[in-house]
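Peer 1: All chains, full assembly: derive it from the sequences and hints.
Listed here are the chains, written in short residue letters.
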Amino acid sequence: MGLFTSGAWVFSPLLFALAGPCVVFAAPLAVTEIAPGIYIHAGVAEEASAGNDDAIANIGFIIGDAGVMVVDPGGSAVEGEKLREAIHAVTDRPIRYVVLTHVHPDHIFGAATFRADHAEFIGHARLPGALAQRGEYYIKTLHRALGDAAAGSEIVTPTHLVAAREAVDLGDREVEIRAHGPAHTDNDLTLFDRRTATLWLSDLLFVERIPAIDGSVVGWIEELEEMTHVVAQRAVPGHGPPVVAWPAAAEPELRYLRAVRDGTRLAIRENIDIAEAPRHVALEERGKWLLFDDYHARNVTTAYKELEWE
Amino acid sequence: MRLRSNLLAIAALLAASFAGAASAEPDEATRAARWADLRGQLFGDRVIEDGADLLALEAPDRAEDAAIVPVRIRIAGGLRRDIDRLYLVIDDNPSPLAGRFAFGPAADPSEIAIRVRVDDYTYLHAVAETKNRRLYAVARFIKAAGGCSAPAGKDQALAMQRLGQMKLTTMGSAHVGEPLQAHFLLSHPNSSGMQMDQVSRNYIRADFVRSVRVRYAGTPVLTLESDISISEDPSLTFAFVPNAPAGEIEVVVEDSSNRHFEQSWPVKIEPAT
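Residue numbers (my numbering), protein chains in the order written: chain W, 1 to 310; chain A, 1001 to 1273.
No wet-lab data here; the hints were simulated from the structure.
From the three backbone atoms N, C-alpha and C, an ideal C-beta is built for every residue, glycine too.
Incorrect hints may have been included.
As the list claims (entries may be wrong) - The following label-pair restraints were derived from C-beta to C-beta distances: (1) Glu226/W x Asp1084/A: 53 to 63 Å; (2) Ala66/W x Glu1262/A: 53 to 63 Å; (3) Arg144/W x Thr1030/A: 13 to 23 Å; (4) Asp1027/A x Glu225/W: 52 to 62 Å; (5) Asp65/W x Lys1167/A: 39 to 49 Å; (6) Lys1143/A x Arg258/W: 30 to 40 Å; (7) Arg286/W x Lys1143/A: 14 to 24 Å.
Claimed, not checked - Sample of chain W residues facing chain A (criterion: CB under 8 Å; computed from the structure): (8) Arg126; (9) Gly129; (10) Pro182; (11) Asp273.
Peer 2: The structure is reproduced here in structure tokens:
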């Protein structure tokens, strides 16, 4: 499946994006129903820019009898509004939950839109700390990348924290939310919809786009290995096609992360300096991932900082 | 100490001068004026000679991660005998004097490597001061941005657990009278105090390393005085000359929260052949 959904794209020349109490008319985001009641918008494999409204991650929602759970409200207020319109286009059930799967801007900056729904904002127990550390910085970089298109994008702090596992009842279906140890970040959540056996991994799984290590390379491999034992009919990655086979989709990512881990350990043992290490580690992975040159050297630097303590 | 108040005074001076020039990319004249301000603060009107033959300043042209920029300063033969101190300045950082190194009798001042935060495209300056107070400088331009406001480490819980842990590795075998390179690593957030807590809307408290003192068998090797321009988990590569057949490297660290960490590592000296 390609990066662009097969859903119809509705473009309206009357698109406005306004912060504040004005009525917003936003063209709904194109979404694909990948399982009954589970809708995904696939992000583009690009860096955040005004041209894409930071709609670079896979986001979506789950509809139950008792209400809707948004999973990642999007990368900007603009995208959040479009997602909300997409929800209204398919259901009139109330939006009850907004899950912030982790601290990264492309997943959470659409959150403010959903305040109007009086939804519960769900995050990892470590998300508030991460927001405290990074929120200001992310707002600045969002404005730098998006310019005016960043207007209205705000940090929303979670109202409910998950420290281990919790099941959320959406009426006719239960969604299990799981808090992970440090992996992609130190505040990753994944979800499992029991009714359809859909595993929503968010950024624990990157497909086609190079994984970005911003937590722990050792921890990410451990979490991923454990998740491959979860029996699921399908999985939703944070980046890549809206739905993939599980656990097969984890293999390339595991291969990449292990190559970075093992190559960096070797570089450290051989006293190769942190500045040099990216030129020595996992070079065979180039050509297998989109945006490799934008992220690989930084991944190796991050892994180096983690592993030099071993 | 005079130097400490200087660091913050320079920061205040530059904060004021930056306030006006918000969006324009500085031109060479502006950059030169900035260096003139800084060198005036640090060295008054003392002459600073071109150090191109004596010093090499190595850094990436463009940093992969502005919060962890590796900088290496190499000092040529003649200067090694005479050098007393070394200053690393990151001109456009909020706190531009990234580090001041003072060499002791047990130092081999041939090379220093450190990881720094770079806040914006900027010149770096390395200034060597000899024992008879002569100054030599080299400059290098680097492209990086956001290093000082960049978010702290990847695993917050681990960072706090590990705070104060140190590692020291020596490279190669040690002989009395011969230089030996060592790499020192300290787990410390080195928080700049420039990040705002989104929840409380207060600034996250600055919490940074002020000094790292290295001795071998009781003889001073090196003292680094620094503040927020050093990266999280300060990393320092240096060389020393074991002057005794048995001894330990001792490192003492003090930080802005008045914490004190110290640790010693024995150095295995090979017998003379």
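Peer 1: The structure should be examined with respect to each hint, and the outcome stated for every one.
Peer 2: Now for the hints, and whether the structure bears them out:
1. Glu226/W x Asp1084/A: 53 to 63 Å: holds (56 Å)
2. Ala66/W x Glu1262/A: 53 to 63 Å: holds (59 Å)
3. Arg144/W x Thr1030/A: 13 to 23 Å: holds (21 Å)
4. Asp1027/A x Glu225/W: 52 to 62 Å: holds (53 Å)
5. Asp65/W x Lys1167/A: 39 to 49 Å: violated (56 Å)
6. Lys1143/A x Arg258/W: 30 to 40 Å: holds (32 Å)
7. Arg286/W x Lys1143/A: 14 to 24 Å: holds (23 Å)
8. Arg126: holds (7 Å)
9. Gly129: holds (5 Å)
10. Pro182: holds (4 Å)
11. Asp273: Status holds, d = 6 Å.
Hint compliance for this structure: hint 5 alone is broken.
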